[in-house]
Structures are given as C-alpha cells and as structure tokens.
Amino acid sequence: MQSTGTETDSKANSNAAASTAAAARGASAPARCGVLSERDPDAELVARVGARDAGAVRALVLNKLPRLIALATRMLGDRMEAEDVAQEAFVRIWKQAPHWRSGEAKFDTWLHRVALNLCYDRLRGRRETPAETLPDEPDPAAAPEQRLEARSRDERVRAALAALPVRQREALVLTYYQELSNLEAAGLMGISADALESLLARARRTLRIQLAGEQAGKDSV
Amino acid sequence: MTSERFHTLVDAYGADPRRWPDYERADALAWARAHRTEANAVLEEALALDAWLARDMIAPPSRALVEQIVAAAPVPMPVPVPVHHKAPSKRRMFWWSGAAFAGAGLAGALAGALTMSLVLLGNPPPSADDAGHGSAHESPSWMSMSFDGSIDDWGDE
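Protein chains in written order, with numbering that gives the first Met the number 0: chain B, 0 to 220; chain U, 0 to 156.
Calculated from the structure, these hints are not laboratory results. Treat the hints with caution; some may be incorrect.
Estimated spans, in silico, between C-beta atoms of each pair [said to hold, decoys possible]: (1) B:Gly212 to U:Ala71: 41 to 47 angstroms; (2) U:Ala47 to B:Leu61: 31 to 37 angstroms; (3) B:Glu178 to U:Glu3: 24 to 30 angstroms; (4) U:Ala47 to B:Gln86: 33 to 39 angstroms; (5) U:Met56 to B:Leu61: 15 to 21 angstroms; (6) B:Arg166 to U:Thr36: 18 to 24 angstroms; (7) B:Pro164 to U:Pro16: 25 to 31 angstroms; (8) B:Ser197 to U:Ala33: 25 to 31 angstroms; (9) B:Ala42 to U:Glu37: 41 to 47 angstroms; (10) U:Glu43 to B:Asp193: 24 to 30 angstroms.
Because the structure is a prediction, the values reported are computed rather than measured. Note that CB positions come from ideal geometry on N, CA and C, so glycine has one too.
Please take these sequences and the hints and turn them into a complete structure.
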C-alpha cells in the first residue's frame, strides 16, 4: 500500500465524511433538515387536488393507494382493516390538501405519518379485543383479488413479520417495503438514525433465525 | 468506512445499497470493492433474508376501492367561463329588457299616431250644411245605433 500525500488527504476526507455520517446517524428526527429541503415530487399534484381538480384526485389515489394498502396491511396483518385505514387517510388528504404548503414536509412523509397513526390507533384497540375474534384465516367469500393475494403470499413471511415487536416491524416496513430513507423513517418514528439501525438489526436477526429454521425444515424433509 | 461499520450497515439495511444511508453509500461501496471476500460473505447472508422478505406480496387495491375513494373526494369546482363567453349579467339583462320595453312603447305610439291620421284623412270634418241636422260633435254611427222599432214594442204583449 502506498503512503502518499494523496492518501493522507483521502484519509482526512474519509474521516470528515465519517464524522458527518456519524452526526447524521445521531441526529434526532427534528434535525433532519436535509429531508425537508428536498423538492417534494408530490407538491404540484397535491396543489391540484387542493383546487378540486378531478383528474388530480384520481391520479393521487392511483399513485398513493397501493403504498398505503401495503403499509397498513403489513402493520396490521389484516387486509380489510388496511383498506379502512387507507380510506380514512384519504379523508384526511381531502381535508388537508387545500391548506397544504410545500416546503414544510414532504407530502409522502406526512401521509405515512397519518397512516401510521391510524394503524397505531387500531393496534391499541386490539389490546382490548379478545384474540379469538381477530380474523386469522382468509375469508372464503372474499373478493377475487384477496383470494389471489392469500394464495400468492407466503404466509410464513407474513406471520414472521406479525410476530415482530411493533417498533421493529414498523422500522422494517418503512425502510424495506416502503423504501423510505433511514432519516425519513427515523423522523416518522421520532427516533435517531442509530436507534433505527438498532431496531432494524434486531428485527433482521430474529427473521434470520426463522429463515434458518425454515431452511433446516426443508433439508430434513 | 470500517469493517465494523460495513457489517452494521448490512445487518440493519440489508444487501441492497439503495437502502443504505445516502451519506454512507459511496464509502460503503468503495469499502466493499476493496474487501471483496469479506464484503461478499456479509452481503450473501443479507441477500438471502432480503429475498425471503420479498416473498411477501401485497395485492393491489381493487378497482371498486379506488372508485369508492375517488367518489368520496370533494366535488370538483366548476370550470371558470372565459370573460368573452360569460353569460349576460342580471344588470345587463335589466338594461336590455328596459330598452326593449321602451322600444315597444315608442312603436305603439307611432302606430297609434299613424292610425289616427289615416282615420282623419278618410273622414273629412263635417261641412256647414250638416250643421243644422246634427251636432258638430257627431257621434260615431255605432253610438246612435239602436234596435229597430219603438221602445213601446218592448212591453209585455
């Protein structure tokens, strides 16, 4: 390995980058100014929705509904409840859109916050609900799309996700499935990036153990 | 980027660099290129879990749900009409109706005046000869008209 002045500069830059990264990881949610300063790709569409543009309303539903359904389904483990959450979230959108001011927060981040709050309301309500009343089998009379989903999804993955502690599940769903950045996810959860990484690492460790058990089961057959 | 940090990154975010923090992605990729054997072992383990997680598919929303949500949106505002195609205002309508009313009245007055002049031309004023046999204010014929016969004939028979 060569030891040159360039390498020294490189190391210095690397150290500076490392300290910047460490600062970013340790930053609490309100300090995520980099997230807020990005241009909001939904700003124009939301402005048109606020002006009651029928075409924009449909475009926003088609654009955001699948993400909302996916988020709520994985958080709640129940498709019908997830659809209720999505509908409630859109009611909030219709109310908020005329007053939306871009630059304060990204619309998609705000929408995730709304959906997560609605999910948490339902999860809290479940504590008072007897476990045996919760649907755990797909409804045979359900719509064709739901039957297709029930067939296509891997029940073990869904069950493993559902078995995770809710904060670990939230961290994994936001970063892996919703593909939010670590700072966006940490901001939504009100924690630092380091705390988010800790939750993610624990979640993935638990899931790896389950995956290893599944593969061991296949090997033994 | 250190070996420990690279392991921590992959343990938390998985094998796909797109999920790594923006501010560390370039450094982590550079570290992986520089330490291929170690990096590949870590990435391979994480990749297996990523692939397992990807098996959880969520069906897209039904068309009925989409339509239900769209229908619940506030009613669209009416499209504003351009100024040159604007419907006449009430004030303008009032102005036009007043002008029409005045025009009709004027036309009526002119028609009346024309009729009177024609009547007067067709019925010259009575001459001096007629003065002794009738009033200068001769009544129209229909005013002097009566049923034939004497009034006595109206009595009971």
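For each hint given before, does the structure comply? Return the numbers of the non-compliant ones in rising order.
6
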